[in-house]
Amino acid sequence: MNHILEVQKLKKRFPKSDFLLDDLSFSLPYGSIMGFVGENGAGKTTTISCILNMLTKDSGTIRLFGREMSDDDKEIREDIGVVFDASNFSGILNADQVGKVMAGIYTRWDQSLYTNYLNRFKLPSEQKIRTYSKGMTMKLALASALAHSPKLLLLDEATSGLDPVVRDDILDVFLEFVQEEDHSILLSSHITSDLEKIADYITFIHDGRIVLSEKKDDLIYNYAVLRCKSSQFAKLDKKDVITYRKRDYQIDVLVSDRQDAERKYGGFATDNMVIDNVDIDDIMLLLIKGEPV
Amino acid sequence: MKGLFLDNFYKTISNMRLFLFLILIVVTALLVTGNDTVLEMFVYVSITGLSANAVVSIRKDAEAKWSRYEIALPVTRNEIVKCKYISYLFWLLIGTAVAVLVTGLTVLIHGNVFFVYGSRDVVSLFSLGIGIAVISGSLFIPSAYLFGADKSETLLIVSVIAGFGITVCLIWLINRGEILNYYLRLGLFNLAYVCLFIISYQLARRIYRKKEL
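Residue numbers (my numbering), protein chains in the order written: chain A, -8 to 284; chain B, -13 to 199.
Some clues are possibly wrong.
To be verified - Calculated from the model, a selection of chain A residues having no Cβ within reach of chain B, i.e. all distances over 12 Å:
#	residue
1	S81
2	L104
3	S135
4	L276
Stated by the list, open to error - In silico EDC-like pairs for lysine to aspartate or glutamate, Cα to Cα no more than 20 Å straight-line:
#	chain 1	residue 1	chain 2	residue 2
5	B	K196	A	D251
6	B	K(-12)	A	D101
7	A	K91	B	E65
8	B	K196	A	E59
9	B	K(-12)	A	D76
10	A	K125	B	E65
11	A	K65	B	E49
12	B	K197	A	D87
13	B	K(-12)	A	D14
14	B	K196	A	D228
15	B	K(-12)	A	E59
16	B	K68	A	D62
17	B	K196	A	D76
18	B	K(-12)	A	D209
19	B	K(-12)	A	D87
20	A	K0	A	D14
21	B	K197	A	D64
22	B	K196	A	D49
23	A	K7	B	E198
24	B	K51	A	D76
25	B	K51	A	E172
26	B	K197	A	D63
27	A	K2	B	E65
28	B	K68	A	D14
29	B	K68	A	D63
30	A	K119	B	E49
31	B	K197	A	D49
32	A	K65	B	E198
33	B	K(-12)	A	D62
Rather than coming from a laboratory, the hints here were simulated on the basis of the structure. By construction, the Cβ of each residue, glycine as well, lies at the ideal position given by its N, Cα and C atoms.
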């Protein structure tokens, strides 16, 4: 499978803190959306910053479109669109001026496409950005990230702080974007419902480490949570357990093969243990708050 | 790089309103009174002030996280630094043009009571003004990259004061030498701040190349 983005054994340590990106590896195939999930401070922004050369990695390899990107690689950056969690344009500018600035930076800047996005998002082009709402600034950031026809979108918490209506508008744009086979999106977020709607792959990061990277459908349809009592938990084959979390009256156990779990633990032998479907939120909580076997 | 320059231009213009208002008051006072000290101060302040406005945008870049964002755009770090220096020179040129215009207007209204030695005095005054501005900028840009844009106001004040100080020291040093020709001494002063500007640019490039954003 061809990958638009490959991160291998990425390490980044900050001298003034204990935080460490530790041997991070994941790949984003062409034509897909990967949700990059983790709690605040897990390392999502640090990873994206390393991908974009904002931070210097200590070791590891990052390949974009099959090659490593240096500071001089403007060609690769022409194919990337970036949206961070805040507007990156000064509040004194308006959308019209942003368009002129970006037209002077990207060789493939398409002013009519940019204007189309401004119209679609109902963004007044002559109003100062500082008077925009959060949703409007994010839409402007997205219009600017798309108007040079990139192939890869790197979005860092691009939907956080937005109301459901604006989020839905933006998610529609992402889905349109990946209609092209050679387009992909890496979307870091802790709003898992957004990722459930659009992502093809989900990569979980916790404490600077990748704890799980899977196809979303596998997570939704194959993974399950066993709700056990202590006596039931003791009977489980520990090879089946990815992680578990002790609650007040039960232990939640994450397993990767629902059918196998139903076969092995759904019967009388285990006193009809409850086997529940999982959503991304459940998995994230279990991976972060749970204990490995 | 055109886009970076344009972004810098918009930010500089937005910084400038208050400064232009103050300049307007001083120009009016100057044209009415024809005071030679006000003229001298005006030349220094308009050249230094206008060019300083251009680099204060470094703080705006950091506030809007533009400095982080622009790394992801198809521009190199060297181009980002180069753009700051070109913008600085551009506004220095505008500041000089404004100073020349107002000086000319003042002389036209009040007659030449300001420059006893004629063109030699004019060249000296403007060399000094440009020198202070160039030295201040040469100190400010690399230090803003090194110490962070959040300290830019303090750094700018320190840079301008240091710019004055270094200018005085340079003139004192040059005058202590045995060069008798006035224009040669002036040329030496001009060469000194041009060299400082080039060194500053190389230093800023080096600092920014390694900067984590």
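- Quickly compare the C-alpha distance for K(-12) (chain B) and D87 (chain A) to 20 Å and report which way the hint goes. 16 Å, holds
- Mind checking the alpha carbons of K196 (chain B) and D49 (chain A) for me, to see if they're no more than 20 Å apart? 13 Å, holds
- Message: Given the hinted pair K197 (chain B) and D87 (chain A), is their Cα-Cα distance within 20 Å?
- Response: 31 Å, violated
- Hinted pair K197 (chain B) and D64 (chain A), Cα distance within 20 Å: 18 Å, holds
- Hinted pair K(-12) (chain B) and D209 (chain A), Cα distance within 20 Å: 47 Å, violated
- Message: Checking a non-interface call: every C-beta of chain B should be farther than 12 Å from the C-beta of S135 (chain A). Is that right?
- Response: 9 Å, violated
- Under the criterion that the straight-line Cα-Cα distance not exceed 20 Å, is the pair K197 (chain B), D49 (chain A) satisfied? Holds, because 14 Å separates the two Cα atoms, which is no more than 20 Å.
- Query: K7 (chain A) and E198 (chain B): Cα distance at most 20 Å?
  - Reply: 13 Å, holds
- Hey, K2 (chain A) versus E65 (chain B), does the alpha-carbon distance stay inside 20 Å? Between K2 (chain A) and E65 (chain B) the Cα gap is close to 28 Å, so the pair fails against 20 Å, i.e. violated.
- Task: Mind checking the alpha carbons of K68 (chain B) and D14 (chain A) for me, to see if they're no more than 20 Å apart?
- Result: Violated, at roughly 36 Å.
- Take a quick look at whether K196 (chain B) and D228 (chain A) sit within 20 Å of each other, Cα to Cα. Violated, at about 51 Å.
- Verify that the Cβ of S81 (chain A) lies farther than 12 Å from every Cβ atom of chain B, and report whether the claim holds or is violated. Its Cβ does come within 12 Å of chain B, the nearest being 4 Å, so this is violated.
The structure fails to meet hints 1, 3, 5, 9, 10, 11, 12, 13, 14, 15, 17, 18, 25, 27 and 28 from the earlier list, while all remaining hints are met.
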